[in-house]
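There are 2 protein chains.
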Amino acid sequence: MRKTILLYGLAIAILIIVLKTIEYRYLLRDLSVEIYIGSIALIFTAVGIWGGMRLTQRKKIIIKEAAAPFVLNQQELERLGISKREHEVLELMAQGFSNQEIADKLFVSLNTIKTHSANLFVKLEVKRRTQAVQRGKELHLIP
Amino acid sequence: MRKTILLYGLAIAILIIVLKTIEYRYLLRDLSVEIYIGSIALIFTAVGIWGGMRLTQRKKIIIKEAAAPFVLNQQELERLGISKREHEVLELMAQGFSNQEIADKLFVSLNTIKTHSANLFVKLEVKRRTQAVQRGKELHLIP
DNA sequence: TTTAAAATCATACTTTCGGGTGAAGTGGGG
DNA sequence: CCCCACTTCACCCGAAAGTATGATTTTAAA
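Sequence lines, in order, name chains W and C.
If you read the first sequence in my numbering, its first letter stands for residue 1, the second for the next number, and so on.
If you read the second sequence in my numbering, its first letter stands for residue 1, the second for the next number, and so on.
Hints may contain errors.
Intra- or inter-copy, both count: the list cannot distinguish identical chains.
As the list claims (entries may be wrong) - Subject to a maximum C-alpha distance of 30 Å in a straight line, what follows is the list of computed DSS-like cross-link-like pairs (lysine-lysine):
{"hint": "1", "residue 1": "Lys105", "residue 2": "Lys127"}
{"hint": "2", "residue 1": "Lys137", "residue 2": "Lys105"}
{"hint": "3", "residue 1": "Lys105", "residue 2": "Lys123"}
{"hint": "4", "residue 1": "Lys105", "residue 2": "Lys84"}
{"hint": "5", "residue 1": "Lys84", "residue 2": "Lys123"}
{"hint": "6", "residue 1": "Lys137", "residue 2": "Lys123"}
{"hint": "7", "residue 1": "Lys114", "residue 2": "Lys84"}
{"hint": "8", "residue 1": "Lys84", "residue 2": "Lys127"}
{"hint": "9", "residue 1": "Lys137", "residue 2": "Lys127"}
{"hint": "10", "residue 1": "Lys127", "residue 2": "Lys114"}
{"hint": "11", "residue 1": "Lys137", "residue 2": "Lys84"}
{"hint": "12", "residue 1": "Lys114", "residue 2": "Lys137"}
These are calculated hints, taken from the structure and not from any lab test.
Make the full structure from the sequences, and use the hints.
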């Protein structure tokens with residue numbers, strides 16, 4: 001950032017020096033003032049674009065890296081009639097946990113998780129947990 | 001895009017007219033030429049930055065929308081010693097197919113798929129297919 | 001307070017997954 | 001030609017996942 005500003009300042013200084021030199025020695029008397037102004041305008045427009053790109057490039061990278069903060073699709077959740085508990089189970093499924101592990105994490109029995117997952121599969125219209133995870137991500141129900 | 005160019009041209013034209021008017025009437029004799037050039041440079045730098053931002057803004061949106069065209073991480077694939085067939089199986093796994101379905105798609109027996117998947121799990125250091133899919137995505141082995 | 005939805009658990013049964021082992025055919029490189 | 005990696009397949013077994021059905025308890029809403 002500091003480097004960019006320094007480079008920019010340097011570019012302006014050099015250009016001004018060059019232009020001033022040219023101005024007094026050769027061109028001012030031959031070329032019309034409009035062309036002279038136009039040239040300066042064009043050159044500094046280019047410098048501006050270049051500088052502007054430099055400045056915004058950082059932001060672009062940030063957008064790419066911090067992309068998709070994930071917002072849950074509540075509408076879809078309600079539309080499919082998926083309950084809180086079922087959603088929790090889906091999240092843990094997506095993290096690759098087995099039904100037994102999910103049961104332990106939620107302090108309920110394995111059978112309960114089986115029930116929840118079975119209901120989940122019906123609501124998501126899938127047959128397997130891998131498909132449920134896929135579908136869940138598609139519908140933005142899980143990150 | 002066309003609108004941006006038009007606006008930009010208009011801005012340049014107006015600025016040149018304004019500057020020319022000022023130049024002949026009031027300022028040229030009072031202010032030094034350096035300040036005059038500097039002003040033009042600054043103004044058009046600003047215009048350049050503004051224009052540059054306008055031009056790159058589109059690209060930013062494109063990056064966000066068309067993000068991640070997926071390029072396979074061949075290095076990782078070789079590093080882990082995952083074969084072509086195993087990779088195929090992993091892809092179909094990620095699409096939520098059962099071993100039987102994968103076997104049918106690849107015209108091989110269920111046992112073969114079991115072998116491939118078992119080898120995959122070892123190479124990916126996971127215990128379940130859901131985790132294999134997760135890991136595969138992390139390592140950019142699958143979209 | 002009644003009622004419905006959600007959450008809990010169970011039992012029984014089927015299917016799928018995954019581990020372990022062994023083996024046979026194929027194709028390329030030393 | 002032989003070795004090695006890859007691919008293919010088989011059998012067995014246990015664990016995990018999924019299906020079906022029914023029942024009880026909580027909870028939130030009407």
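Outcome of the hint check:
Taking CA atoms no more than 30 Å apart as the test, Lys105 paired with Lys127 passes in both settings, with 24 Å inside one copy and 18 Å between copies. In this homomeric assembly, Lys137 and Lys105 come within 30 Å of each other (Cα to Cα) both inside a single copy, at 22 Å, and across copies, at 25 Å. For a Cα distance limit of 30 Å, the shortest separation of Lys105 from Lys123 qualifies both inside one copy, at 23 Å, and across copies, at 27 Å. Only within a single protomer do Lys105 and Lys84 lie at most 30 Å apart by alpha-carbon distance; the minimum there is 15 Å, versus 37 Å between protomers.
Taking the shortest Cα distances, Lys84 and Lys123 sit within 30 Å of each other inside one copy (13 Å), while across copies they are farther apart (35 Å). For a Cα distance limit of 30 Å, the shortest separation of Lys137 from Lys123 qualifies both inside one copy, at 14 Å, and across copies, at 26 Å. In this homomeric assembly, Lys114 and Lys84 come within 30 Å of each other (Cα to Cα) only inside a single copy, at 15 Å, whereas the closest approach across copies is 35 Å. Taking CA atoms no more than 30 Å apart as the test, Lys84 paired with Lys127 passes in both settings, with 21 Å inside one copy and 27 Å between copies.
Taking the closest pair of Cα atoms, Lys137 and Lys127 come within 30 Å of each other both inside a single copy (16 Å) and across two copies (22 Å). In this homomeric assembly, Lys127 and Lys114 come within 30 Å of each other (Cα to Cα) both inside a single copy, at 13 Å, and across copies, at 19 Å. Both within a single protomer and between protomers do Lys137 and Lys84 lie at most 30 Å apart by alpha-carbon distance, with minima of 17 Å and 27 Å respectively. In the homo-oligomer, the alpha carbons of Lys114 and Lys137 lie at most 30 Å apart both inside one protomer (21 Å) and across protomers (27 Å), since each shortest distance falls under that limit.
Hint compliance for this structure: every hint is met.
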